[in-house]
Structures are given as C-alpha cells and as structure tokens.
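S.K.: Put chain B on the given structure of chain A with help from the hints.
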Amino acid sequence: SQKIEQNSEALNIQEGKTATLTCNYTNYSPAYLQWYRQDPGRGPVFLLLIRENEKEKRKERLKVTFDTTLKQSLFHITASQPADSATYLCALDMYSGGGADGLTFGKGTHLIIQP
Amino acid sequence: NAGVTQTPKFQVLKTGQSMTLQCAQDMNHEYMSWYRQDPGMGLRLIHYSVGAGITDQGEVPNGYNVSRSTTEDFPLRLLSAAPSQTSVYFCASSQTGGATEAFFGQGTRLTVV
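Residue numbers (this note's numbering), protein chains in the order written: chain A, 1 to 115; chain B, 116 to 228.
Keep in mind that the hints are not guaranteed to be accurate.
To give an idea of the interface, some chain A residues facing chain B are shown, with a C-beta separation under 8 Å as derived from the structure [unchecked claim]: (1) Y28; (2) Y32; (3) Q34; (4) R37; (5) R42; (6) G43; (7) P44; (8) L49; (9) I50; (10) L92; (11) G102; (12) G106; (13) G108.
Derived from the structure by calculation, the hints contain no laboratory data. What you are looking at is a predicted structure, and each value in this text was computed from that prediction instead of being measured. For each residue, glycine too, the CB sits at the ideal point set by N, CA and C.
For reference, chain A alone in the conformation it holds in the complex (with noise of 0.2 Å):
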C-alpha cells in the first residue's frame, strides 16, 4: 500500500533562516503532490502543487521540490517567520493522470519558528 514519511513529528527553526520539510513516499508513482498548512483546531490550507514532470514550483517564499527519481518532494520556507509556525502536510493522488480517488496524506511536520 501506499505509504508517505514526513521526516519528522517537529522541527524547530530560528526566526530567518529557512525551513526545509522532507516528504518521502514508497510503492507508488503518484501525478500530482500537495502541500498543506494546518493550525490548531482549523482544516487543512492549501499552499502549493506540483506536477510530475516538474521539478520546482515557488510562491512567494515557499518553493516545492519534485524528484520522482528519488520519490521525495522537499518543501523550503524562505526567511521563516514566527508567523509560519503550523504542521504542514504532504498529499498525493493515488493514481497517474489526477485521478478522483482521493488524497493520501502523510502525517505531517510540526513547525516550530522560534523568535
């Protein structure tokens, strides 16, 4: 079965450095993977998604890495902010093409930016 690795439950930055999230997964080839942001007591935001046969995607100061050679996405907050302080969740499509068949979710990273 399909199974994702966020590398760790909590990572702990210091305020402006930058904030790297590994998002690793097994077994499967997936299209499409997402990156979410989620605070306490509130849904999943989306934040960024990236195709297959894309390598990078940026927005502002996120950017989303892609290498299905390796089957691991990393996800970079740029001059983190105290402000991004949140768990950050990696999704994938469970089949190629964008398939309707849900989201897979990995456990997600706990970020901590410390002023």
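M.R.: Structure of chain B alone, referenced to chain A:
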C-alpha cells in the same frame, strides 16, 4: 463565498446512536471527500464522491455511510456510533481530485462515549 461548510462543529454521542455530519460546498466542485484525523494517524480517507450519484470507499469506510444526491451536499452518516469513531472529521471538495487543490471545511469534533 462560503467555500466548504460543515455542521455541527462539535458533537457528543452515546455508543450506538446514529447521526449525520453535514457538508456543503458552493464552488460547484464535482469531487468531494470525507476524512478523519486522529492523533498520530494523520488524515485518513473515509469515503469520496466524483459527482452526484457516485460514491466510493476510501481507506477506512467501515461504520460510515454516504450519499451524493446533489453536487453541493455530501453528508456522512454514522450508523451506530462506537468510541473508536471519536475523531475530528473533515470534509473537502475539489474540481478534479488530486490534480487540483482541495478546500477543507473547519471540521467536526465528534466524541462517542
């Protein structure tokens, strides 16, 4: 623009009771899904629908029932609540499943005693 609306936000049930969690979206999305989120387990897919009249099971469907009579609504029914169903439930919608971003509701925190 309301997005995805879930009701209720909180619910306490006794073991054996049944109830329906409501989910509605106003974005005309074809794809809707239900997840449960438990500590240490992450989000797990319960049921999903690719359009009105079409539903299918996800990873953890047992004990839950769904129907999709309209594009807007996707209710989740607990047939006979069990303590193991204590969880936070999220409804989500998207245009085309994994190829597009999903919009989540604010969640329903359910406790079964």
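S.K.: Hint by hint, note whether the structure agrees.
M.R.: How the hints compare with the structure:
1. Y28: 12 Å, violated
2. Y32: 5 Å, holds
3. Q34: 7 Å, holds
4. R37: Check failed: Cβ of A/R37 comes no nearer than 11 Å to chain B, outside 8 Å.
5. R42: It holds, given that the least Cβ distance between A/R42 and chain B is near 6 Å, below 8 Å.
6. G43: Check passed: Cβ of A/G43 comes within 3 Å of chain B, closer than 8 Å.
7. P44: The hint holds - A/P44 has a Cβ within 8 Å of chain B, the shortest such distance being about 5 Å.
8. L49: 6 Å, holds
9. I50: 11 Å, violated
10. L92: Hint on A/L92: holds, closest Cβ of chain B at ~7 Å, below 8 Å.
11. G102: 4 Å, holds
12. G106: 6 Å, holds
13. G108: With a minimum Cβ separation of about 6 Å from chain B (threshold 8 Å), the hint on A/G108 holds.
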